[in-house]
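> Below, each chain spelled out in residue letters.
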Amino acid sequence: MIALKTEKLAVGYGRKKIVDCIDFEVGKGQIVCLLGPNGSGKTTILKTIAGLLSPVTGSVFIEGRNINIFDKTVFSRKVGVVLTEKIMPGLMTVFDVVSLGRYPHTGFLGVLKKEDVDAINEAISLVQAENIAKRYFHELSDGERQKTLIARALAQEPDILVLDEPIGHLDVHHRIEVLTILKKLSKNKHITIIMSLHEVDLAIKISDLVVLLNNGKLAAVGSPEDIIDKNTIKSLYGIKHGDYNHILGSTEILPHIFMPQIFVLAGSGMGAPIYRMLAKCGFSISTGVLHQNDIDYCIADSIGAETICERPFELIGEEAFLTAKEKMLLSKHIIDSGYPIGRMNRLNGDLTAEALKLGRSVLSMRSHEESVKLFGQSTDRIEYFDSVVQLVSRLNRQI
Amino acid sequence: MNGFMFGKMRQSGKISKNFILILMLLLILVSVFFMSVGLGSVEIAWHDVLSILVRETVTEILDIFVGSDAMPEVLKTIVGSDVISEVYRSIVLNIRLPRALATIVGGASLAVAGLLLQVFFRNAIVEPFVLGVSSGSTLFVGLILLSGANLGLSYISPAYLFFGAFLGAAAVMLLSVAIAHKVRNVITLLVVGLMIGYIASAATTVLVTFARQEQVRMFVLWTMGSFSGVVWEHVIILIVIAAIALMASFFMSKPLNAFLLGEEYAKSMGVSIKLFRISIIIISSVLSGIVTAIAGPVAFIGLAVPHIARMIFATSDNRVLIPASVLIGAALTGLCDLVARLVLAPAEVPISAVTSFVGAPIVIFLLLKKRNLL
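Chains as they are written, first to last, in numbering that gives the first Met the number 0: chain A, 0 to 398; chain B, 0 to 373.
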């Protein structure tokens, strides 16, 4: 069943179009995310769907009916909204704010009947806000406020919930909590959810449908698994000075390089924190030899490090080994991240041994005993560190 | 924490608390009323004042229900002798009583007008005259008093001033309504209101510059506001119009509450924004315009009373705040007028001076104490 459909919709303010040619349809109980850079018109589309703005051209249909012909009260029982505007409702408790959502259901003076109170309490329990129901709204944290506003929209008993950046400035705990609530609403109560998000990684994980917006048009519409990859995201947001890894959902900032080159021996995720800290401090990084299925490879690649790699699940070959050795010897410092050494990457251990043999010193995150076991007697040129911070501050001090 | 209708099921204790508060305010209002009628520069004994009031009431009732104002002997012994001097009778019935009623109803009107506009503009320091209503009145009264637009009359009757002030208020109100149709943002409307006020003030200043000294003195006294010299005809008009507008305000309290979340949320809940805007502008302008017509611009009541009501009832529910503002506004204005009359008797202090002395500290206190004002 189609809950919402837009047809040749153009949205904007007055006659000025901000986004044109919007065509998509959403099934009942689906979660839709609008993704796009700031100013791409996500809020404008959401407000148009919620009936707060009139379409410039084209139409929005809810359950097959054009929203223009809805009676105001009937419409507000269909669609509830949560906006980004901060509200200052004065001396009102959470219960009071949520009870305002009963507006389209109550009579002349808004006196609450038993079914209204039941609906309010249900809305409050759906967002798990029972413990704050009696507190004043202005005393709440951002996360609690957001839950209250969602409950208020739910008290309208809508079929469609429109949310503009619902997890905008929330902490990690509340982000997960709010998205979990939305997920439950869609699956258990079959409420259709349309929202804008800036968190691409979370959007992929929660939505059934994503709508990508760029340059005043829909760049793509479809299930996130089909249409989101590294390049769509980079071009969608016009990312130049960083990288977005769509598999890990991690955002990396490309280093502004003004420090000498450091070679990092890594693997199994031991390198990632070192890369990030080195990049933050402006070091140029080269690293290897990494398998292409190693998490360190993904991060190193995203962060723009010079990466010497080997195909997945292959023993490190001669060619990669020699390239890595050359890069290592050209670098100002060599770091052993303390990665585990097994059959596949045994040659990485040989790189360290080689460096020590040639009289280079190595900064290591490994323990002393382990190093002796791995590299034999010539370990007196290894400096040991317990943490990445110590290691990098040692580098900074020297330079 | 809740209004008597928010969360009704849950909080019956709250209802009785609000009920007691309303009852107490009513009691205060009644005593302010009797003080207003009983006190003044001419000393009249309390039992005489009461006797005059009761006699008059009984006579009126008899007149209506029996068709004769001849009072039976039994009643005469109950309500007291009729030997009280005619002068006292006249002072109480024709000077103090209409004035007491005018201050009470006027104060209630200003307080509610202020409340409506504070919610409408989502701004805690808005008062009934932000839309330029009083400036319009002042300009029209200025035209009458200063420019010689007095139809060649040497004596300017209060009825003429009343009519002029009301016309000025209505003109500005219609202008605001016309603008409210055009603009999207309420803040724009607020700024436009301020600008209309400035233009009207500028025009008034020009009038003052070219007016004669004694005219200016009369005009300045009018602008300072006073309930002195109100006549029954005007009080009746005030009561009728204010009663209608106050009822209308109370009926707006559901959309007003929705507006506490801002215009967009209100719209999403089905409030018709245009209709709501126009209604608020008309009701608040009528309330403040009618008071200005009678007493001139009375300062601070409309700003301070809604805050006092919020503090006493600890809620933003307008279904509570409207009746509360009516009672507090009435009592406070009555009290301020009493002070204005008595403190330097037989001379009178302009009522705005008294309301500002009382109102400004209250607002400062509230600002310092509570950050959440609406």
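Hints listed in this document are in silico derivations from the structure and should not be mistaken for laboratory results. Hints may contain errors.
To be verified - Quick partial rundown of chain A residues pointing at chain B, CB under 7 Å, derived from the structure:
#1 A9
#2 L52
#3 V55
#4 G57
#5 F60
#6 I68
#7 S75
#8 K77
#9 L99
Ideal Cβ positions, reconstructed from N, Cα and C, are used throughout, including at glycine.
> None of the hints should be skipped; say for each whether it holds.
Hints versus structure:
1. A9: violated, 19 Å
2. L52: violated, 10 Å
3. V55: Result: violated, 15 Å to nearest chain B Cβ.
4. G57: violated, 21 Å
5. F60: With a closest approach of 18 Å, the A:F60 hint is violated.
6. I68: violated, 15 Å
7. S75: Interface hint status for A:S75: holds (4 Å vs cutoff 7 Å).
8. K77: This hint is violated: A:K77 lies away from chain B, its Cβ roughly 11 Å from the closest one there, beyond 7 Å.
9. L99: holds, 6 Å
Comparing the model with each earlier hint shows violations of hints 1, 2, 3, 4, 5, 6, 8; every other hint is respected.
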